[in-house]
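Enquirer: Residue strings, one per chain:
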Amino acid sequence: MKKRYLLLLTALVLLSVSAVAQRIILTPQWTVQSQFAGYYVAQEKGFYKDAGLDVVISHPSTSNYAINSIREGTSNAIVMQLLEAVIEIDKGLELVNVLQVFQHTGLVAVSRTHKLRTINDLRGKKVGVWKSGFGVLASLLDRERSLNISWIPFIHNINLFISGAIDATLAMSYNEALQIKAAGFGDMPMIRFYGSGYDYPEDALFVTADYYRRYPEKAKAFAEASKRGWEWAYNNRKETLEIIAKVAARESVPINAIHQEWMLDEVFNLMGEKEGEKPSFVLKDSKVEQLVMLLRKHNYIKGIVTPGQLKGEEL
Amino acid sequence: MNKLKYFILKSFSLRLTLYILLTAATIFVITLLLSYYSAYSHVHSEAQEKAEVTLDNTILQIDNVLNSVETAVHNIAWLVPTALDNPEYMYSLTKKLIESNPYICGSAIAFEPFSFEDKGRFYSPYSYREGDSIVSKQLGTADYDYHYMDWYQIPKLLGSKYWSEPYYDAGGANLIMTTFAYPLYDAEGRMYAIFTADISLEWFADMVNNIKPYPNSYNFMIGRGGSFLVHRRKEAILNETIFANSIYSNDEVLNETGHKMVDGKKGMTKLDREGHKFYLFYAPIKATGWSVAVACMYSDIFAGIDHMRNITLLVALLGLLLMTLFCYYTIRRQTMPLKRFAESATDIAHGDFNAKLPVIYSRDEMRILSDSFRYMQKSLKKYIEELKDTTAKKERIESELRIAHDIQMGMLPKIFPPFPQRNDVELHARLVPAKEVGGDLYDFFINDNKLYFIVGDVSGKGVPASLLMAVTCRLFRTVSSHMLAPSEIVSALNNALADSNESCMFCTFFLGILDLKSGELKYCNAGHNPPVIMGGDGKVEFMSVNSNIPLGLMEDFAYEDECLVLEKGTSLFLYTDGVTEAENGVKELFSDDKLLHLLKENCNCSPDEITDRVMAGVVSHASGAEQSDDITMMCIKFK
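These protein sequences, in sequence, are chains A and B. Taking my numbering, the leading residue of the first sequence gets 1, the next gets one more, and so forth. Taking my numbering, the leading residue of the second sequence gets 1, the next gets one more, and so forth.
Worth double-checking, as some hints may not be accurate.
25 angstroms max Cα-Cα, derived BS3-like pairs, lysine-lysine [claimed, not checked]:
1. B/Lys-119 / A/Lys-131
2. B/Lys-234 / A/Lys-246
3. B/Lys-381 / B/Lys-394
4. A/Lys-131 / B/Lys-156
5. B/Lys-568 / B/Lys-600
6. B/Lys-265 / A/Lys-115
7. B/Lys-212 / B/Lys-234
8. A/Lys-131 / B/Lys-161
9. B/Lys-394 / B/Lys-435
10. A/Lys-238 / A/Lys-227
11. A/Lys-115 / B/Lys-156
12. A/Lys-311 / A/Lys-91
13. B/Lys-137 / B/Lys-96
14. B/Lys-522 / B/Lys-568
15. B/Lys-137 / B/Lys-161
16. B/Lys-286 / B/Lys-156
17. A/Lys-126 / B/Lys-161
18. A/Lys-287 / A/Lys-274
19. A/Lys-49 / A/Lys-227
20. A/Lys-126 / B/Lys-156
21. B/Lys-260 / B/Lys-270
22. A/Lys-287 / A/Lys-302
23. A/Lys-227 / A/Lys-274
24. B/Lys-378 / B/Lys-393
25. B/Lys-260 / A/Lys-115
Coverage of chain A stretches by chain B, computed from C-beta distances (three or more under 8 angstroms per stretch; other residues unrestricted) [as the list claims (entries may be wrong)]:
26. 156-163
27. 246-259
The set of hints was computed from the structure by calculation and includes no laboratory data. Think of the CB as a built atom: it goes at the ideal place given N, C-alpha and C, for glycine as much as any other residue.
With the hints as constraints, model all of the structure from the sequences given.
Expert: As structure tokens, then:
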């Protein structure tokens, strides 16, 4: 009798261990905002649950980078830029791109005066850049064109720009650029990388190679349910904004409704192949190859990251 | 609507009342507008002054605090370079700063990397209040790289002191803080540290929120980027910006105001928010680049004059109503006799000359009207009585004249054809007097196969002429019965008429005696129109006659006979000047020519046809004009 109980207990423990192991802990790059709308929708509308997934969305703290949660093993899925991921993979962090969300880069340079209108106008100027390193593309451009830009790192707000201490700043079209607009600088020249030779797909959904290897079906179902979340969000923007507000309230993150609405619209702009098109969720091999070549050229990476490697096809 | 219009048009008192009401209302509206505008301007400028003074005072207080902080940092900062050989001393400097100013809740002296050999990259002695005591710690770590904080980076880049944009206190007390950062430079001009003083903005918020010039006014303060630092909605603080809100609500005015505010301008603007109108007064806090605004509701500012306006309107409307009723009643009462006058006038018009007139006791125009009416009534009565008399007299005369007419007509032969048994002569005559009785005459008879015929015209018209005509006719009959020659008969008539002719009347006269056997025509003319002779061959002309003088003018005038032999088929047409001198509306005469022309056209007709046609010609010529003279025609056809 005792033996039977013991067996049952062991089975239960094993089951729960297995369930915990299959759980997906998703860490977005930043706190709650429209940039991650699709995942909140998938969670709140039960798309993850429908796919038989146990997904927890765990936001990073403002003092810790999202990538650290992967490094530390506290999460097994992350939303990050393709470029960042390539660099991290090159450094040895094993990640698999399960869903390419943004088709374009949201990187822009906003001028503090009306005089700076092109990339070349930034020559020798003081330009703000995220200390966390989102400005790699701009740095590449600076090197390629020998612009000799004086990069001034900032942490997470646009006060440097507002104070006039810099001549221009890098910004994300769906975030800082909107903050700048909200701060009354909406008429300042904005240099977009979108459509330029430095336009590479940005935000993507990654899972750790370890998870992908162990639960490939779950990983694919996770990508599919996330995609479903994004598509629903695309078609139901008003309700999506309500979901974001709900999640933000739960996470005690103060958000600005207007800013989130602007952000959601801009995020969808970056998700279509062309402006105004529906999200395509495609990762083109050619884009990956070009990006890898560029990063290698400027020594941001040492090895080669292939599209297959990125998509987990080589696992 | 039409009924009302009819009623207004019909009632004098109502119409007059409406005119008065309209005039009074216009004057009232103009007066109200002018007084309202003047009160409005006054209240407006007073409100502006009030809001500006309150705002200025608040800003002055805020400036004082900010200045005190800046001064405190200044006063201690000079000690930093003197103690660079003792990095630990910096802690006591920060403590000293906090102790020196009650507003300062934290202070750091953040050094550039590797400023001290043994302190490494991060060295930022920091002191802060904790309860009643002041504690210290070293701020910089790899996780908290202060070198990239706004309060460090911005003054370093700007090369000047800097008040940071407010932020939520990292301590989690949800306090809004701002940091005054003061860069310190070495002898070479290189910045080596930033001296900071943190202050809480809670007292700011209280100060700003205490600006309450009006019960419903509210205030807000924005930072350099337009974000709300103080706002009545807590969730807007550090989360919303004036620009985002204005872009989202498409409020150009608010957007423009936001720009003016962050540009450090002072001013006033009108806003329309959520259906309410506001005056927004704003002024900058120069030291920080922030701006404070006070929004005052129109309804608050102008509540007093709006209340006054409403009361004035109410009183005026009541006044106008009372005035209308009073005017209507008074005018109606004053003009009531007019209605009764009108009724009396109608009665008088219907012949009641004794109709009762309203009694007027006043001595105004109504009295004058009453007197005039009474006089008119009297005059009319008298006039009508006189008219009755005159009419009766006239009727009598007319009756007599009618009898005279009948008598006169009875004197003329009027049976045509007069000689039906004879086939050698055909005759037709007619006389149309201009008045009841006339002075024209004609006569004819046959005696011994001789046709005696006359046509005459007594001077003047009416009764005197008719009497002379009667005399002439009787005389002719009497004289012609025993005298054979026309001249004798005419002379005898002349002498008889000239005798005792005191009224100097006369008579043109034509006498013809036609021998019906031989066709010999003897005739004598006494100033009469020459007859027309119409030959059987169609020749029509005036007979050649001696004019002579009319009868009755000169006694014993020697008239002579004239003679003519008529061919068979010849006609004679005799007439008076009533034919040829018949006038139309424009005083044109019928004329001899027209007569000749008419006779020529009808020369082959019978005498009665000829007289009818000539009469028709004369009537057509006159075309309705009044007949001024007697018309006489006689046509004789010798066969």
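Enquirer: Check the structure against each numbered hint from earlier and tell me which ones fail, lowest number first.
Expert: none
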